[in-house]
Amino acid sequence: MTEVSSVSERNDLIVQVESLTKSYGQVKAVDGIDLYVKRGEVFSLLGPNGAGKTTTVEILEGLRKADSGKISVLGLDPWRDGYELHKRIGVIPQGFRFFDKSTPREAINYYAELFGKRVNAEHLLKLVDLQDVSNMYFEYLSGGQKQKLGLALAMVNEAEILFLDEPTTGLDPQARRSIWKVIESLKLQGKTVFLTTHYLDEAERLSDKVAIMNHGSIIAYGGPETLVSKYGGSKKLTLEGDEKIYHLLTKTFNLPVIRQNGIIEITLKQSQDLLKIINAIESSGQPYSGLSLKKDTLEDVFITLVGRMKEGELD
Amino acid sequence: MNLKRIFADFTVFRREYLRNKEGFFFALVFPVILILLFGAIFSGSGHNSITVYALNEDRGPLGTSFLQTLNQTGAIRVVSVPSNASFPDYLLKHSYSQGILIPSSFSNSIYSRNEANIILYSNPADSSTQIVSGVVNTVAEGFNLRLSNSSSLISISQKSVNESSPSYIDFLIPGLIGFTVLTSPMFSMVNLSAEYKKSKFFKQLSLTPLTKGEWLTSKILWYVILSLVAFILMTATGTFLFGARVQITPWVFPFIILGSLLFVSLGMLVGTITKSIESAGVIGNIITFPMMFLSGTFFPLSIMPDWLAKLAHIFPLYYIIEGLTSTMVYDNLKSTIFDLAIVAFLCIIISVAAVGAFKWREE
Ligand SMILES: Nc1ncnc2c1ncn2[C@@H]1O[C@H](COP(=O)(O)OP(=O)(O)OP(=O)(O)O)[C@@H](O)[C@H]1O
Ligand SMILES: [Mg+2]
Numbered sequence: 001m002t003e004v005s006s007v008s009e010r011n012d013l014i015v016q017v018e019s020l021t022k023s024y025g026q027v028k029a030v031d032g033i034d035l036y037v038k039r040g041e042v043f044s045l046l047g048p049n050g051a052g053k054t055t056t057v058e059i060l061e062g063l064r065k066a067d068s069g070k071i072s073v074l075g076l077d078p079w080r081d082g083y084e085l086h087k088r089i090g091v092i093p094q095g096f097r098f099f100d101k102s103t104p105r106e107a108i109n110y111y112a113e114l115f116g117k118r119v120n121a122e123h124l125l126k127l128v129d130l131q132d133v134s135n136m137y138f139e140y141l142s143g144g145q146k147q148k149l150g151l152a153l154a155m156v157n158e159a160e161i162l163f164l165d166e167p168t169t170g171l172d173p174q175a176r177r178s179i180w181k182v183i184e185s186l187k188l189q190g191k192t193v194f195l196t197t198h199y200l201d202e203a204e205r206l207s208d209k210v211a212i213m214n215h216g217s218i219i220a221y222g223g224p225e226t227l228v229s230k231y232g233g234s235k236k237l238t239l240e241g242d243e244k245i246y247h248l249l250t251k252t253f254n255l256p257v258i259r260q261n262g263i264i265e266i267t268l269k270q271s272q273d274l275l276k277i278i279n280a281i282e283s284s285g286q287p288y289s290g291l292s293l294k295k296d297t298l299e300d301v302f303i304t305l306v307g308r309m310k311e312g313e314l315d
Numbered sequence: 001m002n003l004k005r006i007f008a009d010f011t012v013f014r015r016e017y018l019r020n021k022e023g024f025f026f027a028l029v030f031p032v033i034l035i036l037l038f039g040a041i042f043s044g045s046g047h048n049s050i051t052v053y054a055l056n057e058d059r060g061p062l063g064t065s066f067l068q069t070l071n072q073t074g075a076i077r078v079v080s081v082p083s084n085a086s087f088p089d090y091l092l093k094h095s096y097s098q099g100i101l102i103p104s105s106f107s108n109s110i111y112s113r114n115e116a117n118i119i120l121y122s123n124p125a126d127s128s129t130q131i132v133s134g135v136v137n138t139v140a141e142g143f144n145l146r147l148s149n150s151s152s153l154i155s156i157s158q159k160s161v162n163e164s165s166p167s168y169i170d171f172l173i174p175g176l177i178g179f180t181v182l183t184s185p186m187f188s189m190v191n192l193s194a195e196y197k198k199s200k201f202f203k204q205l206s207l208t209p210l211t212k213g214e215w216l217t218s219k220i221l222w223y224v225i226l227s228l229v230a231f232i233l234m235t236a237t238g239t240f241l242f243g244a245r246v247q248i249t250p251w252v253f254p255f256i257i258l259g260s261l262l263f264v265s266l267g268m269l270v271g272t273i274t275k276s277i278e279s280a281g282v283i284g285n286i287i288t289f290p291m292m293f294l295s296g297t298f299f300p301l302s303i304m305p306d307w308l309a310k311l312a313h314i315f316p317l318y319y320i321i322e323g324l325t326s327t328m329v330y331d332n333l334k335s336t337i338f339d340l341a342i343v344a345f346l347c348i349i350i351s352v353a354a355v356g357a358f359k360w361r362e363e
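Taken in order, these protein sequences are the chains called A and B. Residue numbers for the first sequence follow this note's numbering, beginning at 1 and rising by one. Residue numbers for the second sequence follow this note's numbering, beginning at 1 and rising by one.
Rather than coming from a laboratory, the hints here were simulated on the basis of the structure. Quantities reported herein were computed from a predicted structural model and do not represent experimental measurements. The reader is advised that the hints may include incorrect statements.
[Unchecked claim] Straight line, CA to CA, 27 Å or less: simulated BS3-like cross-link-like pairs of lysine-lysine:
| id | chain 1 | residue 1 | chain 2 | residue 2 |
| --- | --- | --- | --- | --- |
| 1 | B | 4 | A | 117 |
| 2 | A | 101 | A | 126 |
| 3 | B | 203 | A | 101 |
| 4 | A | 65 | A | 87 |
| 5 | B | 200 | A | 101 |
| 6 | B | 203 | A | 65 |
| 7 | B | 203 | A | 70 |
| 8 | B | 203 | A | 146 |
Chain A with its partners taken away, still in its complex shape (with noise of 0.2 Å):
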């Protein structure tokens, strides 16, 4: 968060949050943050429900009025200039629905006669793969194809910035995936990405920089590659095995071991760590199997640094 220091880099933010604060009677959606979004970034906002996620995102795009804060969205004030920003951002809302009885094409047409543009509808059926229901109501698509045309329509007006609020809840893996490649693609053309999301995964593979959001504050903030070594970082060395061997782990090594269901988990410390356990696993002439090596995900991370603030071990 205090990445920002030159001036020229200060031209670059797109998005531009500080000490934003938002209360719900006495719930505290959004509790003083701050964020900076790059040009031509993918952002991942990460973070358990209710953490804020959608208040921050809707405080942005001008949905909701912000209780404090200095926010500049393409440099305008979100609230304030709210008709002239919608113009110039795409967004798929959270619980996205269209007219019932009009089919994707229609939508399509209908946003793009509202924003004024020319737009291919043939053209953005195809990128998020709706050409086989471009004819059918809305009332019939399923969720992951709503969720589609959601991306279309946020499209139609070429914006400059989009803002995804979880736009692969509830999508089957493939259905995410086409979301994904279309993200990919986005980024490509060098537009700006706002993304929450529930799926670690998809955030480590498409962010190049998360936050991770809970009880309204933002409790972790990097590229995702970043925050892993930071947080997280360690290998775990995990095999099936007999109490022995566990024994042995516990004496020999000064290393967290745990051991359950019969599966012993050993948190490394220096790449030696490796071999050493290793030698003297074989030495010791005790039978074992499934031997493998995990590295932390975003998710360890995320799971960790959550979990930890519910225990109040974070300030």
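Starting from the known structure of chain A, arrange chain B with the ligands on it as the hints suggest.
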């Protein structure tokens, strides 16, 4: 206001409306059914003739000629019933409240200069009893004079007052147009705006360049068109099928346009200020139903108790129907303009309130 956007939104809304079977039904079929239904129910009494069931047992020709004369008065419609054992029982069994029995000796008695007796059966509670006995008396009087060979000094030519004054069906047409102007926007806009608010569809629309005003305009445009179509269908059906005599004047159109604007706005207002879809529906009905029945829609206010007729003055629909009646039925310009002014005034208040209360986004 951007016409292209209004038109785009109008197109989507129109499609959505007509692709729903109920929408199509309410737009085109319902108005015709309404006028057919009410027209059929009341067209019998449209000329104010009262049905009297007659049993003619007369063996001579005079009984028949008496009944024909009764029929020619226009005030009474004589329906002959088959001969039966007991005429009063027959009437009772069929719930007929007016009956006339001509005895078998009717012609004979007259020819032999004896007093002939006609029996009138009636239900004292029935308001038409007076009329029937009056008419029968007059006709009998005429027969008496003619048969006694004296000429009547005073001749009364029977003319129905209704011939030149409006009949029920004439009132029904402006009433039912008002009904459509009220119900088609109210029943759908209340629910639609409450639902759009809940499902955040309004928020989603606010992300496009479409403005609140444009959105509202396209809805009003659609309901104006629906009301015009209903107006044409109802006036045509009423005129050709039931012989309604109404005038189509240019004054009809401001009432339809302002009426649609008013009730689209009112529907919006109810849908947006209520907390849930359910409460929106309840409040919508509380407003719509009394207004629908008490504004002179299905029957003239004159038949209602005084206090109820006065109460009707609080309903905007009352002024729309009164105005439409003034111009279509009475051709009374002064009263038309007066009603139009009131409608315009209410329209401004309600639509300003609706636009003010209607939020695309949340604070
Ligand atoms: N309109 C509202 N009125 C009252 N409380 C609200 C409102 N919107 C959000 N909240 C509260 O604010 C908090 C944050 O909600 P928000 O929708 O931003 O979470 P989220 O991170 O998007 O969750 P999810 O992952 O489930 O979508 C929650 O406790 C929620 O109950
Ligand atoms: Mg959310």
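Cross-check of the supplied hints:
{"no.": "1", "hint": "4/B x 117/A", "in the structure": "holds, 12 Å"}
{"no.": "2", "hint": "101/A x 126/A", "in the structure": "holds, 21 Å"}
{"no.": "3", "hint": "203/B x 101/A", "in the structure": "holds, 20 Å"}
{"no.": "4", "hint": "65/A x 87/A", "in the structure": "holds, 19 Å"}
{"no.": "5", "hint": "200/B x 101/A", "in the structure": "holds, 18 Å"}
{"no.": "6", "hint": "203/B x 65/A", "in the structure": "holds, 13 Å"}
{"no.": "7", "hint": "203/B x 70/A", "in the structure": "holds, 22 Å"}
{"no.": "8", "hint": "203/B x 146/A", "in the structure": "holds, 17 Å"}
In terms of the numbered hints stated before, the structure departs from none.
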